[in-house]
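Residue numbers (the numbering used here), protein chains in the order written: chain A, 1 to 294; chain B, 1 to 468.
Any given hint might turn out to be false.
Facing chain A, a subset of chain B residues (Cβ under 7 Å, in silico) [as the list claims (entries may be wrong)]:
{"no.": "1", "residue": "109"}
{"no.": "2", "residue": "163"}
{"no.": "3", "residue": "166"}
{"no.": "4", "residue": "220"}
{"no.": "5", "residue": "244"}
{"no.": "6", "residue": "250"}
{"no.": "7", "residue": "253"}
{"no.": "8", "residue": "264"}
{"no.": "9", "residue": "267"}
{"no.": "10", "residue": "272"}
{"no.": "11", "residue": "325"}
{"no.": "12", "residue": "460"}
Okay, derived cross-link-like pairs now, EDC-like style, lysine to aspartate or glutamate, Cα gap no bigger than 16 Å in a straight line [said to hold, decoys possible]:
{"no.": "13", "chain 1": "A", "residue 1": "23", "chain 2": "A", "residue 2": "151"}
{"no.": "14", "chain 1": "B", "residue 1": "215", "chain 2": "A", "residue 2": "86"}
{"no.": "15", "chain 1": "A", "residue 1": "265", "chain 2": "A", "residue 2": "243"}
{"no.": "16", "chain 1": "B", "residue 1": "215", "chain 2": "A", "residue 2": "88"}
{"no.": "17", "chain 1": "B", "residue 1": "214", "chain 2": "A", "residue 2": "151"}
{"no.": "18", "chain 1": "B", "residue 1": "212", "chain 2": "A", "residue 2": "243"}
{"no.": "19", "chain 1": "A", "residue 1": "107", "chain 2": "A", "residue 2": "58"}
{"no.": "20", "chain 1": "A", "residue 1": "126", "chain 2": "B", "residue 2": "234"}
Sample of chain B residues facing chain A (criterion: CB under 10 Å; computed from the structure) [what the hints assert, rightly or not]:
{"no.": "21", "residue": "222"}
{"no.": "22", "residue": "239"}
{"no.": "23", "residue": "241"}
{"no.": "24", "residue": "262"}
{"no.": "25", "residue": "265"}
{"no.": "26", "residue": "318"}
{"no.": "27", "residue": "319"}
{"no.": "28", "residue": "326"}
{"no.": "29", "residue": "402"}
{"no.": "30", "residue": "457"}
{"no.": "31", "residue": "458"}
No lab work stands behind these hints: they were computed from the structure. Just so you know, these numbers come straight off a predicted model, no measurement behind them. All residues carry an ideal CB built from backbone N, CA and C; glycine is no exception.
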Amino acid sequence: MNEAIVQMRNVCKRFGDIKALDKVDLDICPGRIIGLVGANGSGKSTLLRHIIGLYLPDEGDCVTFGCQASRLGASELARIGYVHQEGELLDWMTVRQLIRYISAYYKDWNRRLEDRYISDFDISLKVRVGSLSPGQRQKLAILLAMGFEPELLILDEPASALDPIARAQFLDLLLGIIQDSTRTIIISSHILSDVEKVIDHLLIMKEGHLLRDSSFDELREEFCRLRVTSLDGQLPAELPFAEIVDCTREEGRAVLVLRNYSQEKLEAQAQTLNCEIEIETLSLEEIYRIIVSE
Amino acid sequence: MNILRANLKHLYQRRAMWFWYFFLLCLFPLFLLPVCVAELDRFLGYLVLSFWWGLLTAGLQKEILTKPVSFCLPGYRKIPRQFIFRAGYVVNGLLGLVFLAYPGLDFPYVLVVAAGGAFVGMVFYLLGALGGFRNMNRNPYLGLFPLVILGSVFFESDRILQQMIISSPVQIIIVSALISWLFWVWLGREGLTRQYCGKISLGILAGSNYAKIKKIRHAEMVRRLGKKKTPFPDTVENFFQRRMSQHNFLSRGKCAWGHLYIMLGECLSVLQVRQLAICFGLIVIISGYLSKDGFAISNMLFFLPVIFACQLDLLPYRGILLPASRGDRFYATVISGSTVTLLTTLAIAVIALISILLGPVLPDINLKGHTFGYHAMNVKYCFVTLPLMPIGFAVATLIPRRQVLKMIFSIVLMEAYLGFYVVTMIREIQFNLFIPPVLMMISWGISLLVLRYVCMRRCLAGAGSRGA
């Protein structure tokens with residue numbers, strides 16, 4: 001296994017009485033596309049800001065690229081791209097001036113990529129940044145974060161301000177850049193249907209705690225939806241399946257959500273019950289709801 | 001609870017109102033003093049309070065009207081009018097009572113005069129309210145307010161009005177009531193709520209709302225810059241870009257020049273040279289004429305850059321991730337702070353020199369038996385900016401979002417400067433050549449410590465940067 005590029009150990013962060021992060025332990029390995037999900041105020045942005053050193057932990061350690069986040073130097077930061085939630089940009093500049101300004105900091109700024117994004121995102125270079133719509137600002141922020149092809153790309157709610165077409169374009173773009181297996185991407189989003197198309201790893205946060213840190217495939221295999229149809233018209237009052245998370249019944253049918261299931265075992269139980277079963281995987285949104293409600 | 005009562009609760013629930021209550025409370029004795037000293041024969045000082053109270057209540061109502069939810073509230077549309085008139089009646093009714101202290105007026109005639117005073121107060125209050133409603137954002141012309149007061153006191157227009165109230169109170173009441181009625185109609189018109197609904201407004205009460213101030217400043221900047229093709233000539237951009245490119249990638253030099261570029265670039269992009277020149281020219285001339293031998297008000301101009309420094313966050317755009325460590329950021333803020341201080345000191349020294357050159361040219365003015373001579377600025381006070389600006393920067397960078405605190409701090413600093421200035425004048429203290437360097441060392445030392453703390457130990461974005 002590759003060495004983690006981000007390591008958080010027992011990280012705690014308080015804002016007054018609010019515990020924004022509570023004893024968070026996390027390892028992020030290179031090449032992963034990580035989805036960071038959670039309700040508003042669950043600590044997603046706080047966690048991301050710790051990684052890049054904008055926030056400093058009250059307790060614990062946060063190490064990025066082998067360097068304490070508080071001491072991140074220019075060479076480490078030059079490997080990180082960050083699109084932040086607030087979309088803070090230099091509003092008084094024109095788009096051209098802003099791109100020129102940001103690109104001046106990076107040795108490996110990719111002009112070809114810049115041109116491609118400008119044309120794909122339909123960004124006008126002459127307009128002032130402050131007059132851009134929220135969607136256009138977000139596109140520009142994405143361009144600026146990706147223009148130097150960072151090793152670690154942190155996207156904090158990148159698609160929240162985008163319209164459906166721009167969101168689709170953005171997802172295509174993401175799918176394009178994840179082809180590079182060395183790049184790590186952390187994407188925090190509320191639009192779970194978008195996130196699940198690209199991620200291979202999932203972090204779920206709730207009230208400052210990291211509830212889950214696992215591979216997305218593992219998580220999908222952990223839960224399933226089971227449709228049970230009785231062949232003789234009747235189902236027993238108590239269904240004999242283990243770890244039922246949710247159950248809806250109707251005459252001779254039942255829809256169950258199961259955890260830690262085994263397909264062989266389910267098929268055997270179905271034969272005993274004289275039932276027909278159908279196993280479906282759950283969407284990220286459904287998995288998220290189950291985990292958060294526990 | 002009825003809607004009006006709920007609305008009246010804003011008078012104590014809105015935190016920004018308490019700041020202005022304090023402000024009005026500070027003014028209060030100043031305007032009641034003439035009542036106690038009858039020989040002065042000036043009873044209308046309270047009109048300033050009425051006007052300001054009108055600005056506040058209208059500002060409060062306008063702020064509520066801009067919230068789309070108030071447009072949808074059933075029965076809300078006539079509430080601003082009721083609120084404004086009730087708040088006006090109570091306050092002006094009380095303020096009008098000052099005429100009870102007017103010597104030589106018989107009872108019950110004095111009551112009619114007091115009523116006349118209250119109605120005139122209501123007119124000034126409504127004028128303030130009109131101003132509060134009409135200006136969506138803070139109006140710089142409010143800065144002329146003290147001049148208007150000084151002017152009316154000098155030309156004795158307040159005494160003329162006071163005499164009218166005393167000699168013809170009934171006529172005054174009728175005219176004032178008519179003006180109030182016109183305002184009542186204006187406030188009751190159908191389109192009022194629609195006019196303000198959803199509009200961005202930075203009223204007199206939004207001083208503490210940093211996010212709102214930033215949003216409005218940007219909107220204003222975009223509106224102003226919209227006329228220009230680029231925020232500033234390309235030569236400025238090219239100058240900074242060239243300096244940046246002269247340094248290696250990831251070096252401190254590149255970071256410092258980049259930082260200076262975004263700090264000065266933003267100032268240059270909104271700078272209106274002509275307006276600024278007119279403004280400074282007027283201030284230099286007016287304050288020069290208002291000065292007396294041994295006490296030049298114009299020397300207070302040396303303090304203006306310090307007020308500017310108290311508003312200037314040396315770490316702007318903290319949330320943008322650039323390849324610059326916290327140490328690099330500290331280095332860049334120190335460079336930027338020193339550069340801005342030196343440039344500003346230079347600019348204020350040039351203004352002082354111009355004022356000295358104007359001295360022999362500007363004639364004495366004779367007005368109502370008084371002779372006003374022009375007094376130039378004293379260039380030796382230039383050193384004031386060097387020790388005071390870094391303190392301003394430190395505060396602004398430490399609490400960039402606490403507008404009210406920054407304002408209070410600049411007022412305290414100004415009082416200290418004024419005290420220092422007056423003491424040196426009265427005691428005819430000569431400056432020891434060692435004092436400015438010692439003061440500079442102390443203030444720069446404090447400033448460096450604060451900037452280092454912010455850059456190295458503080459959270460740099462969002463809720464984590466307390467005060468940021």
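Here is what the structure says about each hint:
1. Hint status for residue 109(B): violated, given a least beta-carbon distance of 60 Å to chain A, over 7 Å.
2. A cut of 7 Å between beta carbons decides the hint on residue 163(B): the least distance to chain A is about 54 Å, and the hint is violated.
3. For residue 166(B), the suggested interface contact is broken, since its CB lies about 55 Å from the closest CB of chain A, more than 7 Å.
4. For residue 220(B), the interface hint is violated, the least distance from its beta-carbon to any beta-carbon of chain A being 10 Å, above 7 Å.
5. Using the Cβ-Cβ criterion of 7 Å, the hint placing residue 244(B) at the interface with chain A is satisfied: the shortest such distance is roughly 5 Å.
6. Annotation: interface hint on residue 250(B) holds; nearest CB of chain A at approximately 4 Å, less than 7 Å.
7. The beta carbon of residue 253(B) comes no nearer than 11 Å to any beta carbon in chain A, farther than 7 Å, and the hint placing it at the interface is violated.
8. The closest approach between the C-beta of residue 264(B) and any C-beta of chain A is roughly 11 Å, which is over the 7 Å cut-off, so the hint fails.
9. The restraint placing residue 267(B) at the interface with chain A is violated, with a minimum CB-CB distance near 10 Å, outside the 7 Å limit.
10. Evaluation of the residue 272(B) hint against chain A yields a violated restraint, the C-beta minimum of about 14 Å exceeding 7 Å.
11. With a cut of 7 Å, the hint placing residue 325(B) at the interface with chain A holds, because the nearest CB-to-CB distance is about 5 Å.
12. Hint on residue 460(B) holds. Least Cβ distance to chain A is approximately 5 Å, under the 7 Å limit.
13. Of the supplied pair hints, the one linking residue 23(A) and residue 151(A) is violated, its CA atoms being roughly 27 Å apart against a limit of 16 Å.
14. Among the hinted pairs, residue 215(B) with residue 86(A) is consistent with the structure: their alpha-carbon atoms are about 12 Å apart, no more than 16 Å.
15. The straight-line distance between the Cα atoms of residue 265(A) and residue 243(A) is roughly 13 Å, inside the 16 Å bound, and the hint therefore holds.
16. For the hint linking residue 215(B) to residue 88(A), the alpha-carbon distance of about 11 Å falls within 16 Å, and the restraint holds.
17. The suggested pairing of residue 214(B) with residue 151(A) is violated, with an alpha-carbon distance near 33 Å, which exceeds 16 Å.
18. Restraint check for residue 212(B) and residue 243(A): the C-alpha separation of about 51 Å exceeds 16 Å, so the hint is violated.
19. The suggested pairing of residue 107(A) with residue 58(A) is violated, with an alpha-carbon distance near 34 Å, which exceeds 16 Å.
20. For the given pair, residue 126(A) sits about 13 Å from residue 234(B) by alpha-carbon distance, which is consistent with the 16 Å threshold.
21. Because the beta carbon of residue 222(B) sits about 4 Å from the nearest beta carbon in chain A, less than 10 Å, this interface hint is met.
22. Here the hint on residue 239(B) is broken, as its CB sits about 13 Å from the closest CB of chain A, past 10 Å.
23. Evaluation of the residue 241(B) hint against chain A yields a held restraint, the C-beta minimum of about 6 Å falling below 10 Å.
24. Interface hint status for residue 262(B): upheld, as the beta-carbon distance to the closest one in chain A is roughly 6 Å, under 10 Å.
25. Hint status for residue 265(B): holds, given a least beta-carbon distance of 7 Å to chain A, under 10 Å.
26. Using the Cβ-Cβ criterion of 10 Å, the hint placing residue 318(B) at the interface with chain A is satisfied: the shortest such distance is roughly 7 Å.
27. Among the interface hints, the one on residue 319(B) holds; its C-beta lies about 4 Å from the nearest C-beta in chain A, closer than the 10 Å criterion.
28. Annotation: interface hint on residue 326(B) holds; nearest CB of chain A at approximately 7 Å, less than 10 Å.
29. Checking residue 402(B) against chain A by beta carbon gives a least distance of about 15 Å; that is not within 10 Å, so the hint is violated.
30. At about 7 Å, the closest approach between the beta carbon of residue 457(B) and any beta carbon in chain A falls short of 10 Å, and the interface hint on this residue holds.
31. At a threshold of 10 Å, the smallest CB-CB gap from residue 458(B) to chain A is about 8 Å, leaving the interface hint in force.
The structure fails hints 1, 2, 3, 4, 7, 8, 9, 10, 13, 17, 18, 19, 22, 29 (numbered hints given earlier, in ascending order).
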